[in-house]
Each structure stands twice: as structure tokens, then as C-alpha cells.
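Peer 1: Fit chain B to the known structure of chain A by using the hints.
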Amino acid sequence: MGKLDGKVAFISGVARGQRRSHAIRLAREGADIIGIDICADIPANHYPMASREELDETIGLVERAGGKMLGTVADVRDFQQVKSAMDAGVEHFGRVDIVLANAGIAPVAFRELSIEEELQQWRAAVGVNLDGAYHVAWAAIPHLLAGNRGGSIVFTSSTAGLRGFGGAQGGGLGYAASKHGVVGLMRTLANALAPANIRVNTVHPTAVNTMMAVNPTMTAFIENYPDGAPHLQNPLPVAMLEPEDISAAIAYLVSDEGRYVTGVTFPVDAGFCNKL
Amino acid sequence: MTNDNSSGRVHGKRVLITGAARGMGRSHAVRLAEEGADLVLVDICAPIPGVDYPLSTEADLEETARLVREHQRTALTYIADVRDSAAMKTVADQAVFELGGLDAAVANAGVLTVGTWDATTTEQWRLVLDVNLIGAWNTCAAAIPHLVERGGSLVNISSSAGIKGTPFHVPYTASKHGIVGMSLALANELAAQNIRVNTVHPTGVATGMAPPSMHEQIAGRPDLVPIFLNALPAPLIEPSDVSNAVLFLVSDESRYVTGLEFKVDAGVTIR
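Order-wise, the sequence lines are chains A and B. Residue numbers 1 to 276, in this note's numbering, belong to the letters of the first sequence in order. Residue numbers 1 to 271, in this note's numbering, belong to the letters of the second sequence in order.
This is chain A alone, in the form it adopts within the complex (with noise of 0.2 Å):
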């Protein structure tokens, strides 16, 4: 018996860091999932994207935590890809209860940027974490506004949707613009969707210890940093969150215990937000 049990999820990013770890957390909980991953490198970012045997293996661990889950290969900034893969899913198990959007991206360089480079990271940044943000939910809506069963959304936004930081790079802006830029959705969609039972809530975790924040050029630039390393350091005694530390927040997010929490910012941040 898991306080998931019969609820489909949607997952965007699946493959791999953070939301592989919510795909196993709420497969454990008893859900299935519809996830989706692009799979493929995205030229102005500077690491790599999951492949496709990082979506086969998220596959595999969630069969082996109790879920059953449909995995598709689509990139969300494409609408159209992402409603393929939701309508599909939805098809597939019938229903969809929770929606985690969204995969992200952190372009940053620890060099000096053409204007062009400047302008290919601020619209990969914006295009993955906003407008993929947007499609997601937008795929979504539809179908859980048929369900008439409520359901519950929650963003992926930042320490860096709720505080300015990330250096002048278009990599950097185009970071923390999205991540506010998510804030933004999340509040005008939970006062929409309030009538018809539709949570939405917004999750923000400091550094987790996942592909983007552990590259050598984000490390370069973390101690490089104008202000200082001692800026960015959390203020609990912990250097970097496991995936697993927000899977447990979104599992509260999303499970009944939550069902009257809406439009609630919230940081899983080691007390970064409240330090800056």
C-alpha cells in the first residue's frame, strides 16, 4: 500500500539526476510514470545531455522499485513532441494525477563568450527551462482537467528562481530568468486551476549532486565566482543534496498529505535563499 497507489506521473528529464530519483521515489510510492528525456546533446550547453540507455536504465530501476512506466524520447522544447509523448501515455495507463516539469539546463562557460554564444545559451536556458516548463503543463492540463480528479503540478525552479545569481554570462541570465520565469507560471496557474482542485507548487533546491552542478566548468566557475566561494556555500553544514533529498519533498508535494498546499514556493536549500 503506497500513498500513490493507482496515479500516474508524468516526468520530464527523466533519464537521469534529480527526476530519476523522483521516477523511483514515486514508483516506490506506488505510482506509474510517463517520462520523457531528449536524449541528445544541445550544442550551446556545455555538458552532456542522458542518452538513451540512461532513459532504459531509469526504466529498469522503476520497474524494479513496483512502477510500470512508459519512456519516450522528446525534447520539451518542441510542444508538439511533449503532447505526442503525454497523449500516449495517457493512453497507454489511462490517466495522468502528477505532473514534474521540468528538465533544465545550466549553460555556463568559464571563458569569454562571442555575442553569438552569449545569445545560443540565454535561448537554450530559456527554451529547456521556461517554454519546456510551459509545454509540459500545457500538454497536461487537458487531461487532468477531463480527469476530474484534481492533480498536482509541481516546476522544477532554483535557489536561482527566488534570489539573483549566476553570473553576467547569457547562460547564467537565461538560468535564473527561466527559474523566476517558472514562479511566475506556477502562481497564475495555481490561482487558474484552484477551482478544479489543481495544485501547483514550485520546488527549490541548492546544488544537488547531479551532472549539472558537478562538471569541471561549473566547478571552475563556482570558485571563481566574483563575490567569493563563501557566498554560495550553504549555510547547513552540507556541500551538495542527493536527488533523493528533493524526491522527498516532491513526494510530500504530490501525495494527499499535500492536498490544500498550492501556489507555495519550496526551497529544499541547505537555508540558502533565507542566508542570501
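By construction, these hints were calculated from the structure, which means they are not laboratory data. Predicted model, so just to flag it, every value in this text is computed and none were measured. C-beta atoms are modelled at their ideal positions from N, C-alpha and C, and glycine is treated no differently. The reader is advised that the hints may include incorrect statements.
[Stated by the list, open to error] Some chain B residues close to chain A (C-beta under 8 Å, calculated; not the full set):
id	residue
1	PRO233
2	ALA234
3	VAL257
4	THR258
5	VAL264
6	ALA266
Peer 2: Just chain B now, with coordinates in the frame of chain A:
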């Protein structure tokens, strides 16, 4: 009755709760016990002059303790006034002596006076700030010395009135905003010792905190009614909805959550 909570989400944690005799405090205690916690239950169990609804009794506090023990968990009861810092310190010290330590405290005790601004007295201000704000501080201050070595969790119960400007009880709204400032500052000071400090912000819950004139006040100002309306189609929420948030914040699932204003408010603060 047997009840195996050895795999509970807060198994073995020792949690102090103020205002534990009834209402939300009782609900938190029972929910935490269900998940394996031992409880230190504190309540004044007496009327307070100036509060125009009945407060809890000793029998109420004993009933909470009985409900905790039904889950095979320890319940220590203390009659104490959160306004009395020395009494709160004594309670915390005695409870730690009995239980061998403390892992969390939930500052839940609160009172509500109602009235338009021009009917609000300095006596009401002093009473409400004394119980709601200084009382929460006394609870934290009594608990912190027992948490500094191994870390811990402080949960301070604010309100949707700690985020928005809820009218007809200005001192209450101010006290609940004050709890946020206190908690955010403590979260910064205590993070290095792994003590997490968070606030919980419920919308209206049906409990004994019910001044008889509240509805009359609101009805007199229809223009202000929307401030009290939830976004989700639920006029009131249950104490257990708030307790589930408290449970998450006391548990290790939230080990890196601090400085959070945790709204359980059916969207009342966003609409």
C-alpha cells in the same frame, strides 16, 4: 492495542509541542506518535483573561496523552504557560532528563483576539504578542540548548495571517508575521549547528480558537471578505493537513529544509 511504528517516519524522535491539549497541537502530537515519536506535551490548561473563548483543560491534555500512548509511545505532560520563560526552560530540562534528549520542538500555542482597529486595546496587543510571539521564542530558547550537539528541528506555527494582511485581528496578524522574522533569523544563526527552523502557515482550521464575534466582524465589511477565501474549493482544512506538514519538517526527509515558510493554506495567500 498493538501498533508497530518502528519503521515510522519519526521513529524514536523526541518532540516538544506547546498548546498540545487540543486542536492542532493535539493533532500534531497524535500524528507524530503514529509515526513513532515520543511527545512532550505542554499546555496552560487554564483560562486567560482577555481571551473570549474557552481554553483547554487538564482533562484535554490528559486525553492527548492517552491518544499518544495508544500508539505505544511515551507522552510526558506539563502544565506550563509559554509566556513564562523560566517555566519553559524547566519543562524542557525535565523532559530531556526523562527522555535522554530532544530532537524537535513545535511552537504551536497561540491566542486570537478580534476587533476592528479602533476597538483594539494595548492590553490585547501585549497579550497576543506575549503568548504568540514571545511564547514561541520561549519555546525555541528552551529547546535550543538541547539541540546544539546533534542538530534538530524547530517548527513554529504561524498562519496565513503571517504572510498576508489579514484584518480584524491586527495584533494576531502582527504576531504571526513576527514569528516569520524570528524563525528566519534563527535559521541563519543555527544552521551551522544543523538546527533547522521553519514556519507553517495554515489557512482557517476548525479548532477551539474561535472568538464568537469573528463572523460578525467579517460580515460587517463585505469588501474584505475575499481576503479570507481559499483558492481551492475547501472553506476550511483539517488539523491533520497541518500535522502532515509538521511531520515532514520534523522528519529526516526534510534534513536540508530550513528557512521555509510552509503554507498549508488552500491558496488563500495567492488569490
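Peer 1: Hint B:VAL264 vs chain A: min CB-CB distance below 8 Å?
Peer 2: At 6 Å from the nearest chain A Cβ, B:VAL264 passes the 8 Å test, so the hint holds.
Peer 1: Under 8 Å is the threshold here; is the Cβ of B:ALA234 close enough to any Cβ of chain A for the hint to stand?
Peer 2: OK, holds: B:ALA234 within 8 Å of chain A, min 6 Å.
Peer 1: Mind checking the CB of B:THR258 against every CB in chain A and telling me if the closest is under 8 Å?
Peer 2: Interface hint status for B:THR258: holds (4 Å vs cutoff 8 Å).
Peer 1: Hint B:PRO233 vs chain A: min CB-CB distance below 8 Å?
Peer 2: The hint holds - B:PRO233 has a Cβ within 8 Å of chain A, the shortest such distance being about 6 Å.
Peer 1: When the nearest CB of chain A is found for B:VAL257, is that gap smaller than 8 Å?
Peer 2: Holds, about 6 Å.
Peer 1: Quick check on B:ALA266 please, does its C-beta sit within 8 Å of some C-beta on chain A?
Peer 2: holds (4 Å)
The structure agrees with every numbered hint stated previously.
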